[in-house]
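**Q** As a plain string of letters, each chain reads:
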Amino acid sequence: MPLEYPELSLDDRVAQLNKRGRFLTTQEMLGQLLEDPGCGPIALVSSFGAESAVLLHMIAQIYTATPVIFLDTEMLFAETIEYQQLLAQKFGLSDVRRITPARAALFERDSENLLHRHNRDACCALRKSEPLEKALKGFDIWISGRKRFQGGVRKALALFENEQDQRIKFNPLAGWDRADIAAYFARHDLPRHPLVSRGFRSIGCAPCTTPVRPGEDERAGRWRGAEKTECGIHFGPQGAATANVVMRDSGFAGDDWQGGFHDVEEIANLPLAETAALAIDLPNDFDATALLAHLHEIDLVRVNFPAFNDGRGFSLARQLRLLGFCGRLRAKGLLADQYAMARRCGFDEVEISPELAARQDEPQWLARANWQAGNYQQRLNPAMQTSLA
Amino acid sequence: MYRYTPFDKAFVGERAAQFRDQVERRISGALSEDEFRPLRLMNGLYLLLHAYMLRIVIPYGTLDSRQMRALADISERWDKGYAHFTTRQNIQLHWPALRDVPDILDALARVDMHAIQSSGPCIRAITSDHFAGAAADEVDDPRPTAEFVRQWSTDHPEFAFLPRKFKIAVSGSGADRAATSFHDIGLKLVRNGKGAPGYEVSVGGGLGRTPMIGKVLRRFLHREDLLPYLEAILHVYNRIGRRDNKYKARVKITLHENGLAEFTRRVEENFLLQATRFDGSEQAEFARIEADFTPPVFKEAPVEGFERALRQDPLFRSFCETNLARHKAPDHAIVTVSLKAHGATPGDASAAQMRALADIAQQWSHDELRVSHEQNIILPHVHKADLPAVFQALRAAGLSTANIGLISDLIACPGMDYCDLATARSTNVAQGIAKRFDALKLEHDIGHLKLKISGCINACGHHHIGHIGILGLEKSGVESYQITLGGDGSENAAIGKPIGPGFGPEQIIPAIERLVMAYLALREDADEGFLTTYRRLGPAPFKTAIYHSGEQINAA
Chain A
1 MPLEYPELSL
11 DDRVAQLNKR
21 GRFLTTQEML
31 GQLLEDPGCG
41 PIALVSSFGA
51 ESAVLLHMIA
61 QIYTATPVIF
71 LDTEMLFAET
81 IEYQQLLAQK
91 FGLSDVRRIT
101 PARAALFERD
111 SENLLHRHNR
121 DACCALRKSE
131 PLEKALKGFD
141 IWISGRKRFQ
151 GGVRKALALF
161 ENEQDQRIKF
171 NPLAGWDRAD
181 IAAYFARHDL
191 PRHPLVSRGF
201 RSIGCAPCTT
211 PVRPGEDERA
221 GRWRGAEKTE
231 CGIHFGPQGA
241 ATANVVMRDS
251 GFAGDDWQGG
261 FHDVEEIANL
271 PLAETAALAI
281 DLPNDFDATA
291 LLAHLHEIDL
301 VRVNFPAFND
311 GRGFSLARQL
321 RLLGFCGRLR
331 AKGLLADQYA
341 MARRCGFDEV
351 EISPELAARQ
361 DEPQWLARAN
371 WQAGNYQQRL
381 NPAMQTSLA
Chain B
390 MYRYTPFDKA
400 FVGERAAQFR
410 DQVERRISGA
420 LSEDEFRPLR
430 LMNGLYLLLH
440 AYMLRIVIPY
450 GTLDSRQMRA
460 LADISERWDK
470 GYAHFTTRQN
480 IQLHWPALRD
490 VPDILDALAR
500 VDMHAIQSSG
510 PCIRAITSDH
520 FAGAAADEVD
530 DPRPTAEFVR
540 QWSTDHPEFA
550 FLPRKFKIAV
560 SGSGADRAAT
570 SFHDIGLKLV
580 RNGKGAPGYE
590 VSVGGGLGRT
600 PMIGKVLRRF
610 LHREDLLPYL
620 EAILHVYNRI
630 GRRDNKYKAR
640 VKITLHENGL
650 AEFTRRVEEN
660 FLLQATRFDG
670 SEQAEFARIE
680 ADFTPPVFKE
690 APVEGFERAL
700 RQDPLFRSFC
710 ETNLARHKAP
720 DHAIVTVSLK
730 AHGATPGDAS
740 AAQMRALADI
750 AQQWSHDELR
760 VSHEQNIILP
770 HVHKADLPAV
780 FQALRAAGLS
790 TANIGLISDL
800 IACPGMDYCD
810 LATARSTNVA
820 QGIAKRFDAL
830 KLEHDIGHLK
840 LKISGCINAC
850 GHHHIGHIGI
860 LGLEKSGVES
870 YQITLGGDGS
880 ENAAIGKPIG
890 PGFGPEQIIP
900 AIERLVMAYL
910 ALREDADEGF
920 LTTYRRLGPA
930 PFKTAIYHSG
940 EQINAA
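Protein chains in written order, with the working numbering: chain A, 1 to 389; chain B, 390 to 945.
The set of hints was computed from the structure by calculation and includes no laboratory data.
Computed from a predicted model, the values in this text were never measured in an experiment.
Careful: at least some of the hints might be erroneous.
Claimed, not checked - A few chain A residues that don't get close to chain B, going by computed Cβ distances all over 12 Å:
no.	residue
1	K19
2	M75
3	E79
4	R98
5	F107
6	D110
7	R198
8	P211
9	R213
10	P214
11	A268
12	D285
13	Q319
14	M341
15	P382
Stated by the list, open to error - Here are some chain A residues the structure puts well away from chain B; computed CB gaps all over 12 Å:
no.	residue
16	N18
17	T25
18	S111
19	R117
20	F139
21	K155
22	R224
23	A243
24	D287
25	H294
26	N304
27	L322
28	D337
29	Q364
30	G374
To be verified - Among the chain A residues that face chain B by a calculated CB cut under 10 Å, a handful are:
no.	residue
31	R343
32	L366
33	R368
No residue lacks a Cβ here, since even glycine has one placed at the ideal position from N, Cα and C.
Kindly generate the complete structure, drawing on both the sequences and the hints.
**A** Structure below.
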């Protein structure tokens, strides 16, 4: 648990950390965090997979006794176990905790080790999610190796996330790309996972991992042939993607804003100088002139459309932009067919519920991502700046 | 006429493609019916009593022969071989199948037409004076402004989901043929003391269940300020217009409830903010549009043939007396072609008639046609020497009815025969009145009289601004027709007043006959029109005539 003095909610801490993270290198951020008296216990969760050596090496440079949680599902490749022992020894990591599934649960639910054949989600829950949840008890922050370039819902990964209001999840490599990883391996001459040379680029359990062909996505070899792309440890306790999706011109992404939203009434009482990143929710009948004095302090405004056909939010967005608001402007409650309108009125993005994202999938939204084409208003007056993004 | 740029063409084509996709997504379930409804409305597709109805835009009432022929082709291929010209310068197909609509929109796009913003809670197609660019009394041509506003309002991202529909009309003559006082925004082209072009801007006019005359917000608005000012009006309306009750959602109610002073204050305040977005570069587009409306080169020819035909052919003479209007070129005329043949459905034209009109316009009217909000077709630029030939061609197509401005040139909404909102039939009453007065042979004697019929309180038949208005309602399961008197849609705007209890479908036509006979008895002379007589005497003698027998009035 964090020390008592900064009585901040998890959302506020996440927002602060995200703001801090923008100005620091990965190593600096890790270093500050491990020594930050405002933070409680921190653990690194590592699969000892294809790219794990980077974070393990960095952590070891700072503090070799950092707890490292290694999830042994008892279905791993023998090479992974060897690699784990090699790295721990080479980097001098003194607190690697090898976590295995609960014996009783295994006996009850997968006594023949065949669960993965007919229910992969249940297998991941039994062998990964549940043991990890137990192992993370008491930790304030856990560090994961996810990166945005891995695609899927990871595309909009934030540096820090509020995980179910229980702890903070830190993704130090969120902004790294393939070249950064390769350069780090080369510079520090890190040993490779033995399977990498055989075409494995993302390595999980043996039954559900295959090599990746050239040109394929990093994680294409995981659960090949199934729609599954995540094991479940990176979702909420329900084990399903319940989070809202955020649509931008580049397509769907997970919500990278983990700082939470304040009601607009609270703004006068917020210690603005200390609140690193500030997001507010506005009802669509709000008159933004009341916010004039605070506009420059707000990082993100979310305008709520109570119904998609209640167009007041479009005018509110226009008003905010006309009054000089330059931060992020998000709409919530619109349809795919309204994406272009939202962008032209000054919104940067649209937040979509999982239900709507399932019914109106990414291609339907991307069909209106060409919002700058066929724009009569812009054509009449090129100076008519509709969006600052 | 305005010529589509590659930008306009690409836009209309893209919108047709988008709608095709939306129809497919509706069928696949990606869009629910509730979500699909506003999208189809944005593309002019209504669901009426029996079928879908597609309302196609005729921008400010102007079209050429190529477009008119395409409309004829479309009505034959995908509908029942006719179309209905509406009271807002649009054209409606009443029987299209949903799966055909994307093909219809593609066919329209090929001739630079569309159905965009002909319905739904958005800025609707802009309407204007059907005599624009031709009328002798014109001060400035309203069409460049109408086109300018058309472009600005098309797919306007902020105003696609307003509290309610929003209608803008532009007029440029002393005589207000565009009924600007009865629009959400009325723009009258005026010049200030220095001769600079601008607009008188009125807001909050409208008919429907709460008829109101628009109130003037600005006596003079510089042309350069038009778009930011429109942005400001629409922005304020979108923010504070009521959304809790659709009968109180039009801007006329917003204006009424907030008061003219408060509404104006908000608009003027927002205008200052909006003006910062416009740097004047949009005036270049205005100039480009204006050039497209350069008047055609009017030919010179002797008019003796025309004068001889007037003397020799009584049918031609009768047609010319009613159906011609004064053109700015003295040896030309504006010909109004009546779509109100006695006994026919007002505003309906067959595919063959549309093709005939296209041919006539191409040969004798500089390839231009207009549609009036009174549901007639205009040939705006006909040389008088060509009038006899035009008349013969119209006659051959069954389009030579000589009744413009007379009692049988009435306007009527489609009524309960098509519309799911209607509470009474209206076309049967229209046909009955037209036939009755044709039989009495009194039309020409009665003279200028505007009679308008609506089949429900929403007033698509504009009954409030009829000199005589008829409103069809349903009273305990039977149709009841209420008479209003004294309405006027012109520059002397007035809203008609209900005169008393309604009449059943069998009684309404005799009641109108008693009313008109009373007028003939009461007028000072044949030059005193119905409205003048009514204004002079008030409703009392007409009321007596309507609710009592005709003899009493004649005796009085």
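**Q** Against the structure shown, which of the earlier numbered hints fail to hold, in ascending order?
**A** Violated: hints 12, 13, 14, 15, 24, 27, 28, 29, 30 and 32.
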